[in-house]
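Turn these sequences into a full structure, and let the hints steer you where they fit.
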Amino acid sequence: METQHLNYLQETGGRKGIFKWILSTDHKRIAILYLSVLSVFFLTAVLVGVLMRLELIAPGKTIVEPDTYNRMFTLHGVIMVFIFIIPGIPAVFGNFVLPMTIGAKDVAFPRLNLFSWYLYVLGALIALSTLFVGKGAADTGWTFYAPYSIRTGTNVILAVTAAFILGFSSILTGLNFIVTIHRMRAPGMTWFKMPLFAWSTYATGWIQLLATPVVGITLLMIIAERLFGVGLFDPAIGGDPILYQHLFWIYSHPAVYIMILPAMGVVSEIIPVFSRRRIYGYKAIAFSSLGIAFIGYFVWGHHMFVSGMSETARIVFSLLTFLVAIPSAIKVFNWVSTMYKGSIDVRTPLLFALGFIFNFLIGGLTGLVCSALVTDVHIHDTYFVVGHFHYVMLGGTAFAFFGAMYYWMPKIWGRMYNEKVANIGFAFIFVGANVLYFPMLILGIQGMPRRYYDYLDEFHFWNVVSTVGSWILLIGFIIMVSNIISAIKSGKKAESNPWRSLTLDWQTQTPPILENFEEIPTVTEAPYEYKN
Amino acid sequence: MEAKLNPHIDPHRDDEGSKLGMWLFLFTELLLFGGLFLVYSIYRMQNSEVFAHCGKGLNLTIGTINTIILLTSSLTVAMSITAIKKKNKKLSMVLLFITLLSALAFLVNKYFEWAHKIDLGIYPGSEYLKTAPHGEGLFYLLYYFMTGLHAFHVIVGAVLLSVILVFVARERITHDNNQLLENGGLYWHLVDLIWIYLFPLFYLIH
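If you read the protein sequences in the order shown, they are chains A and B. Here the numbering used here is used: the first residue of the first sequence is 1, the next is one more, and so on. Here the numbering used here is used: the first residue of the second sequence is 1, the next is one more, and so on.
One or more of the hints may lead you astray.
Once the Cα atoms are required to be at most 30 Å apart in a straight line, the calculated DSSO-like pairs of lysine-lysine come out as [stated by the list, open to error]: (1) A/K531 x A/K193; (2) A/K489 x A/K420; (3) A/K16 x A/K492; (4) A/K16 x A/K493; (5) A/K105 x A/K493; (6) B/K85 x A/K283; (7) A/K105 x A/K283; (8) A/K105 x B/K117; (9) B/K85 x B/K19; (10) B/K110 x B/K56; (11) B/K130 x A/K135; (12) A/K193 x B/K19.
Facing chain A, from chain B, some residues (calculated, C-beta under 7 Å) [stated by the list, open to error]: (13) D14; (14) L20; (15) G21; (16) L24; (17) L31; (18) L32; (19) G35; (20) L36; (21) G121; (22) P124; (23) Y128; (24) G137; (25) L141.
Hint data in this document are derived by calculation from the structure and do not stem from the laboratory. In this text, a Cβ means the ideal position worked out from N, Cα and C, and glycines have one as well.
Structure representation (structure tokens):
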């Protein structure tokens, strides 16, 4: 290796203390800014989730009042959806890695990037403030369904404003990435030589851009309705609550793909590296990302099969929903085929990628159960749905997030984590998640409704199992977080390219220098040409 | 700093990228209004007679004048881009200034229009609208909401163009470095475009 230059962590731009961070437009520093805020909120929401499970360990009151419980699941949902999982992988790893994987010095609009972070923090703080002002945190659930969101006395306006601002931040991040990918690829990096993470970030960017404004305006309408009460959505004064649901899901279903696509991108990066094999079906994976993004716009009605829609609309939405399964399955088959006859090196990032595939299979297949009209009538608004989307969101996206964390940790901080501890943490998280969520699927089929504070005795057993699962998961998180923190503080110094990855992000100095490359590389090969 | 301003040296400058970014942003703006247009069309379908009746209550003269003002201002901003490309800094500034005056005139008209309606007791949440038919309440909510959001965009656009005017004056925008002006123009056309839809949907319906 030639001489080491100052890396981005040493390069301060003449600023001191915290200003080194909050005024820097370096995409790598902004990624870490996101990571630190996001982690705090994520762990808070995890804690709220664990407390909710504790409440449900026995029928009747255990630790909190019903009102508090309603606020808890709203807060848990708002934080997890808008502050953790939607920005999650794009804002942290997209920001850190995307410019490097395509051989760029930074994103297209570095100042806009920093501005997005400020919006994100502002939105997050407003969401938090709902706890402390007025009549307390919203109790509507993260969907803010009318008419309840219009009538409840809690801080709906603040919570909705927070979601609006966070949405704006998400739009600007998506915009930035799309322009970056269009304009800043290194010489020779054609579209089909781009790493798959860039493809999935690209598809995500388009969803962020085109779907988020619709929910933005819908949330503003909720505010208008609360202030003026003219009957947009409240049926008591002539409004149409179903219209609200349509508008809400026109965004919020595509948003589900904002959550999962970047995760699929991470898995597509990790699998070939640790299998030492070229990815199987590169183009199929790339196009399936775009396919998911495209079809994802037209399936929102499947959230409303029992809210009152014409038979034709329900059949069309159901059919379109089934279509999403095709590109998703294409990806799973390609990942598995990539590993076939590879020389597999089972390291922590790969474990999380495999965990992703396992959980995503359950999450995806239970999704099909929900999208079939007949079964959905039975399981709608039950714990089955809660189990289904937690399998996809935590079991899928969050697993990919943790995998990405371990995979790029040497790159980001130049330090290695303790592999043994990391794997033990993985075991707890994997077992915990399954013990926590699988009983929910059973409870749902038995008929236990979601968002209920109390339940009948017949549901007791599986609720206890699920709560025990939440403890196992929590232990896993504690192990993982402490392992990561101690690695950042005092981990072994990492090699420049510990995974012997071929993508450009690993060809730079570790940790990277300001503007990433001494000299912009010229790309001649596809990203995953591993030779055994 | 000198080097940064020189377009031939600054490696970070990318006019195409900046234009692309602006276009993408305009897409999001369209979809932001798109949600409102959707709600408008559904409620108008359900209350077509009331909507038509309310539409007649709006001041068509002011609406028409405002339409002309905005269309003309779109022309002047486009001309100011051409002017700067032809190295005519002064003309470009004059044209931008006219655009800003148009924005101001539009807002003043809007102010009188709204103030008149509010004087008559017609605004969301007013006593009158609480007793009026449901469709009338919806019409006026959407009227205030959509023209209000549009007026907000006029203000944002005007601020953006003012900054651009200063940049032209200080020669940070020049004949070979004018992407910011073009982006400001694009944004201003969007403001115009949305009004072209709002005007018939509120003022001209029968």
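> What are the numbers of the hints the structure violates, in ascending order?
Replying inline: 6, 8, 21, 23
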